[in-house]
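**Q** Residue numbers (our numbering), protein chains in the order written: chain A, 12 to 357; chain B, 12 to 357.
These are calculated hints, taken from the structure and not from any lab test.
Certain hints may be false.
Because identical chains share one entry, a pair is satisfied inside a single copy or across any pair of copies.
Below 27 angstroms or equal to it, Euclidean Cα-Cα: the simulated DSS-like pairs (lysine-lysine) are [what the hints assert, rightly or not]:
#1 218 <-> 196
#2 196 <-> 319
#3 353 <-> 114
#4 194 <-> 319
#5 133 <-> 114
#6 319 <-> 218
#7 194 <-> 237
#8 353 <-> 319
#9 193 <-> 270
#10 270 <-> 237
#11 196 <-> 124
#12 193 <-> 237
#13 193 <-> 319
#14 237 <-> 319
#15 353 <-> 193
#16 193 <-> 218
Protein chains: 2
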Amino acid sequence: MSFRTIEWRDNTVIMIDQTRLPAEEGYNVYTDFQGVAEAIRGMIIRGAPAIGVAAAMGIALGARDIIADTHESFFRQLENVCDVMARTRPTAVNLFWAIARMKRVAEAHRSQKLEAIRTVLKEEAIRVEEEDREICRAIGRNGGPLIPEGATILTHCNAGALATAGYGTALGVIRAAHEAGKKIKVIADETRPWLQGARLTAWELMKDEIPVTLISDNMAGWLMQKGEIDCCVVGADRIAANGDTANKIGTYSVAVLAKEHGIPFYVAAPVSTLDLSLDSGARIPIEERGSAEVTHIQGVGIAPEGVKVRNPAFDVTPARYVSAIITERGVARQDYCESLRKLVQG
Amino acid sequence: MSFRTIEWRDNTVIMIDQTRLPAEEGYNVYTDFQGVAEAIRGMIIRGAPAIGVAAAMGIALGARDIIADTHESFFRQLENVCDVMARTRPTAVNLFWAIARMKRVAEAHRSQKLEAIRTVLKEEAIRVEEEDREICRAIGRNGGPLIPEGATILTHCNAGALATAGYGTALGVIRAAHEAGKKIKVIADETRPWLQGARLTAWELMKDEIPVTLISDNMAGWLMQKGEIDCCVVGADRIAANGDTANKIGTYSVAVLAKEHGIPFYVAAPVSTLDLSLDSGARIPIEERGSAEVTHIQGVGIAPEGVKVRNPAFDVTPARYVSAIITERGVARQDYCESLRKLVQG
Chain A
12 MSFRTIEWRD
22 NTVIMIDQTR
32 LPAEEGYNVY
42 TDFQGVAEAI
52 RGMIIRGAPA
62 IGVAAAMGIA
72 LGARDIIADT
82 HESFFRQLEN
92 VCDVMARTRP
102 TAVNLFWAIA
112 RMKRVAEAHR
122 SQKLEAIRTV
132 LKEEAIRVEE
142 EDREICRAIG
152 RNGGPLIPEG
162 ATILTHCNAG
172 ALATAGYGTA
182 LGVIRAAHEA
192 GKKIKVIADE
202 TRPWLQGARL
212 TAWELMKDEI
222 PVTLISDNMA
232 GWLMQKGEID
242 CCVVGADRIA
252 ANGDTANKIG
262 TYSVAVLAKE
272 HGIPFYVAAP
282 VSTLDLSLDS
292 GARIPIEERG
302 SAEVTHIQGV
312 GIAPEGVKVR
322 NPAFDVTPAR
332 YVSAIITERG
342 VARQDYCESL
352 RKLVQG
Chain B
12 MSFRTIEWRD
22 NTVIMIDQTR
32 LPAEEGYNVY
42 TDFQGVAEAI
52 RGMIIRGAPA
62 IGVAAAMGIA
72 LGARDIIADT
82 HESFFRQLEN
92 VCDVMARTRP
102 TAVNLFWAIA
112 RMKRVAEAHR
122 SQKLEAIRTV
132 LKEEAIRVEE
142 EDREICRAIG
152 RNGGPLIPEG
162 ATILTHCNAG
172 ALATAGYGTA
182 LGVIRAAHEA
192 GKKIKVIADE
202 TRPWLQGARL
212 TAWELMKDEI
222 PVTLISDNMA
232 GWLMQKGEID
242 CCVVGADRIA
252 ANGDTANKIG
262 TYSVAVLAKE
272 HGIPFYVAAP
282 VSTLDLSLDS
292 GARIPIEERG
302 SAEVTHIQGV
312 GIAPEGVKVR
322 NPAFDVTPAR
332 YVSAIITERG
342 VARQDYCESL
352 RKLVQG
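Could you build the full structure based on these sequences and the hints that come with them?
**A** Printed below as a string of structure tokens:
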């Protein structure tokens, strides 16, 4: 991988700025937790696993900067740091998973000196990042075999190296198939309104010399009808206990189209994306973002001024459309209530 | 209607420039047939019925400018004008319908003086334009009753006043329902890559104070799942004898989603859009346009340089997804082979 999505270096957090890609490969340096929170909210970094890593690193930065005489004061302020991080974006559960993990680690070391707790939190954040890359490799190993030789694979949004600490979830599966010499091709939905497919997926696949063709989201159905797509692989922002999957807006439409054409539809995500506390996708909170993402593209207006807009950032694909959920611990299939629980419980 | 899509005035053809909308309501004046052909190719004017009107007016302009001593020379040159017009865009059959109509009229007056033939062609072109507006009103009268009171209607692309000589086909149905006081609301797919929905449909509905909400194409499925869409109405570029319908890319996906959610999916088009010479949609030629429409939006790049692109401008919706085809002569339903033939034969 010739770039790093997010990195802890010299007590700062460095992120590739995903709002500037592909025109510019620029890196931002964050020195405090507020900056990291703002980066998550402003989608400098995005993708459920990457958001989890960023939250962990943001909390480590926040912990480092807390001025406290007592453990009580430190933990109260740490709670505040975690709250700020939790309010950045509502849908990706990896954010809350990472926050909970950092809190747990801090609590487990409560008896130690503050300096030691700060160090432990920093180390934990770095571990979250390293583990995420390993997890993506494992998702690739588990999912790669599902991809047929010579397949053309549709993906939506960016569930790639840029959405994780590296390698990717959906694109991890694709990378693994590519590395296995399967001569695959990728069709990337551009993924309006934020254009993660056009800007990020196309960019990182071209960088890795994996054949990629860009389409507008509304072309996928037609290509399926023409027999030009063999399977679909997407990431996830939150998966309920029954397998219902929240992912980037448009994923549900891809899933319906895949079903209509008898094409397998795979979801690739780490176990940290599972939210078994929710019995179904109906309870997953769906972020609605501002109208400018729809009315403007890279600052250029494309619609009449003052037009009313809907901008749900995610949708929920009911489990019945999902052929399999590929995780680092294995591949789950219907009935997901049972198969996902088994994966989580080991 | 506070604007004219296309108009014959003082031996010129005036068109609203649809590439500049909605930022600017500008009108272009064309003085020769080559200019009109270029305007069709460059999508200054688009929409199947409007393309038909433009072709007729372009041929009238061409006929006026032909320098010929003999009828033979005149008709040979007229054939050339028609050929240039026919090579502008391949999918909308209204183009070929209008060309054939103009040829027929010229032939019918072959015994007259050249000046008289030129005049007849001019009058015929103006008649095509006037008739188209009447046809749209009739489509509205026939289709309006299909729209339920208080319905939220999804439309794709622009099958509005801007796609016709005025009033519109799909938007004609919507306008008729609105004029009947049904308190309808419209959801407009932005319609990538060319953004006809964001730029044109939103603009003309706002001008007419018909409530419109703009979404990215990939949001339609989610809104259907949430029960927020009651029916779909779209236009058509060519309808085969069996009811298979070519229309703007993305239409097929909307139709599949509508079927999956049990939502009626209506096609609204004049009889001139029927191509009964084709037994099915498989034989409709589908235009593939340049990659820049996908990689750039209003001149701004949104994808990595050199990325491979697919850009089919249309897709074909098999008749089984179409709840009804609304024409100026009545509403056709399955079996379309029979119902469409009856409409054409009167």
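**Q** With reference to the structure, classify each hint as holding or not holding.
**A** Tested hints:
1. 218 <-> 196: within (14 angstroms within a copy, 45 angstroms between copies)
2. 196 <-> 319: between (38 angstroms within a copy, 11 angstroms between copies)
3. 353 <-> 114: within (26 angstroms within a copy, 73 angstroms between copies)
4. 194 <-> 319: Intra 45 angstroms, inter 17 angstroms, cutoff 27 angstroms: inter-copy only.
5. 133 <-> 114: within (12 angstroms within a copy, 79 angstroms between copies)
6. 319 <-> 218: between (38 angstroms within a copy, 13 angstroms between copies)
7. 194 <-> 237: within (20 angstroms within a copy, 39 angstroms between copies)
8. 353 <-> 319: neither (45 angstroms within a copy, 42 angstroms between copies)
9. 193 <-> 270: within (24 angstroms within a copy, 35 angstroms between copies)
10. 270 <-> 237: Both. Shortest intra-copy (15 angstroms) and inter-copy (19 angstroms) distances satisfy the 27 angstroms Cα cut-off.
11. 196 <-> 124: Classified as neither; 53 angstroms inside a copy, 62 angstroms across copies.
12. 193 <-> 237: within (22 angstroms within a copy, 39 angstroms between copies)
13. 193 <-> 319: So residue 193 and residue 319 pass the 27 angstroms test across copies only (20 angstroms; inside, 46 angstroms).
14. 237 <-> 319: The answer is between: 19 angstroms across copies meets 27 angstroms, while 35 angstroms in one copy does not.
15. 353 <-> 193: neither (31 angstroms within a copy, 53 angstroms between copies)
16. 193 <-> 218: The answer is within: 18 angstroms in one copy meets 27 angstroms, while 53 angstroms across copies does not.
In summary, the structure is inconsistent with hints 8, 11, 15 from the numbered list given earlier, while agreeing with the others.
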